[in-house]
Amino acid sequence: MTIDVEAPGIVDLVGRELERCVLRARNGIRMAAGISRPEVGTTPKDVVWRHGRTELWRYRSDDVRVSPPLLIVFGLFSRSYILDLQKGNSFVEQLVDAGFDVYLLDWGVPDERDAANRLEDYVDDYIPAAVEQVRRISGAEQVDMLGYCFGSVLSLLYAARRRDAPLCSLTVVSAPIDLQQLGPLTSVLGNTESDVEKLLDVDGNVPPHVVHQAFQILKPTMRVTRYVDLFDKLWNDDYVTAYQAMIGWAGDHVPLPGGVARQLAEMTRTNALVDDAIVLDGDRVHLSDITVPFLTVLGDRDHIVPEASAAPLIDLVGSSDKHELRLEGGHVGVLVGRTAAKKTIPAIIEFLLRRSETIT
Amino acid sequence: MTGLPSWRTPYDFAERLVAPPAEALVRSDRFAAVAATVFGIRRAVGDGLNGLAATVWHLVNLPAGSDLHRMHAQLGALDRDVRRLSLQLEQRDTARTGSDGR
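In the order they appear, the protein sequences are chains A and B. Heads up: the first sequence begins at 6 in our numbering, then just goes up one per residue. Heads up: the second sequence begins at -18 in our numbering, then just goes up one per residue.
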């Protein structure tokens, strides 16, 4: 009797597994041959300003309903297309759909001309110039600023250093504040000055493969687990596309300017952001000088910027209108994927909308 | 039905067992010290080979790769100064236009 009931189930299971084996073989061959590379960063945009390797992008929209415009400041370690990964899985696309006039400051790929770049270059020169461009193009008096990962640090330093900055609000996502909690990269950087020099390539920058290895090693078993996951779901076209896009990005780092690496080493040794000891161009910078409406977003499973690194920020910022959003998610998962689309991004949009005006 | 194939259970079990100590190890000071030493050795070997190559090129009165890198670095630093100056001039112009407008 039991056999009769289960027999069709077993046949179904065998049939399903056979079908999946065929799909696995097809997708495996496609991946190995490099035939099915997913398109990334596809939301239409224009380069509205360029200086050196730095570009300011404006995402096209016929339906801007929110003012002020939003300027996203990306980090210095990886490529910004993670924020616009794929159609239907894009932070930028969701912001544009919500009616924002979205700009993104992309630092490009540093080369030997950027080896001497220091934080001051970004905080005092590039970001203010980009903010001016956004104001000029949009005609708005103020801008909302959003920093992601190390872009958060740049945004925070900009807001702290320029108390008259035309900011309506500041949002930071996965901001590395306690640099001593970050793991191998900053541990190696933070040892001694000479250790930084050991990391630099002939062009004077920390090469992308070192940055990549530093992030990879944070989850030693991940390299195997991701292949196990892939084999498990190789039959699923959507999974394979998302996997290729994500894994492609995760290995797609850019060189870190040597000047910034030296400063990071010093900042790690003194834990400058936590201990209020940041010095830029000879001036002390206090995060407590930030007074604009403020939101910090952190993921509880973020292995690159762990909770312990991002958590001190809320107490360091001087704003009276300040909020912390702790979410279930990893470093990328707070802005990419289904959970982000349903939880984080709507929460960020709500925070921004409450401080914005609707354009009629 | 969890949808997971049967072979995943032992793998996930092993992964849960191995991952925490491995992650703790890579975040330890000892690991950082070993990594720094490895980078140092790699750098020292690279510098030694480059130095040897440079000596050979200099013997025949030709510039070595390290000379070119040094020149690139100097040009890069100059390029950076020019970029920063032009951005600062832009900012000054914007500030002046703004105050004139008011």
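Be aware that one or more of the hints could be misleading.
[Stated by the list, open to error] Derived, one-sided and incomplete: chain A residues facing chain B with beta-carbon distance under 7 Å:
#, residue
1, 57
2, 113
3, 117
4, 203
5, 221
6, 225
[Said to hold, decoys possible] Label-pair distances were calculated between CB atoms; the ranges are:
#, chain 1, residue 1, chain 2, residue 2, range
7, A, 351, B, 18, 43 to 51 Å
8, A, 308, B, 25, 30 to 38 Å
9, A, 281, B, -8, 29 to 37 Å
10, A, 144, B, -10, 54 to 62 Å
11, A, 17, B, -11, 18 to 26 Å
12, A, 42, B, 25, 34 to 42 Å
13, B, 59, A, 214, 44 to 52 Å
14, B, 66, A, 271, 20 to 28 Å
[Said to hold, decoys possible] To be clear about the criterion: a stretch of chain A counts as covered by chain B if any three or more of its residues have a C-beta under 8 Å from a C-beta of chain B, and this derived list gives those stretches:
#, region
15, 274 to 282
16, 328 to 335
17, 346 to 357
Note that these hints are calculated values from the structure, not bench results. On a predicted model such as this, the values are computed, not experimentally measured, just so you know. For every residue, glycine included, the Cβ atom is placed at its ideal position computed from N, Cα and C.
Which numbered hints fail:
Hints 2, 5, 9, 13, 15, 16 and 17 not satisfied by this model.
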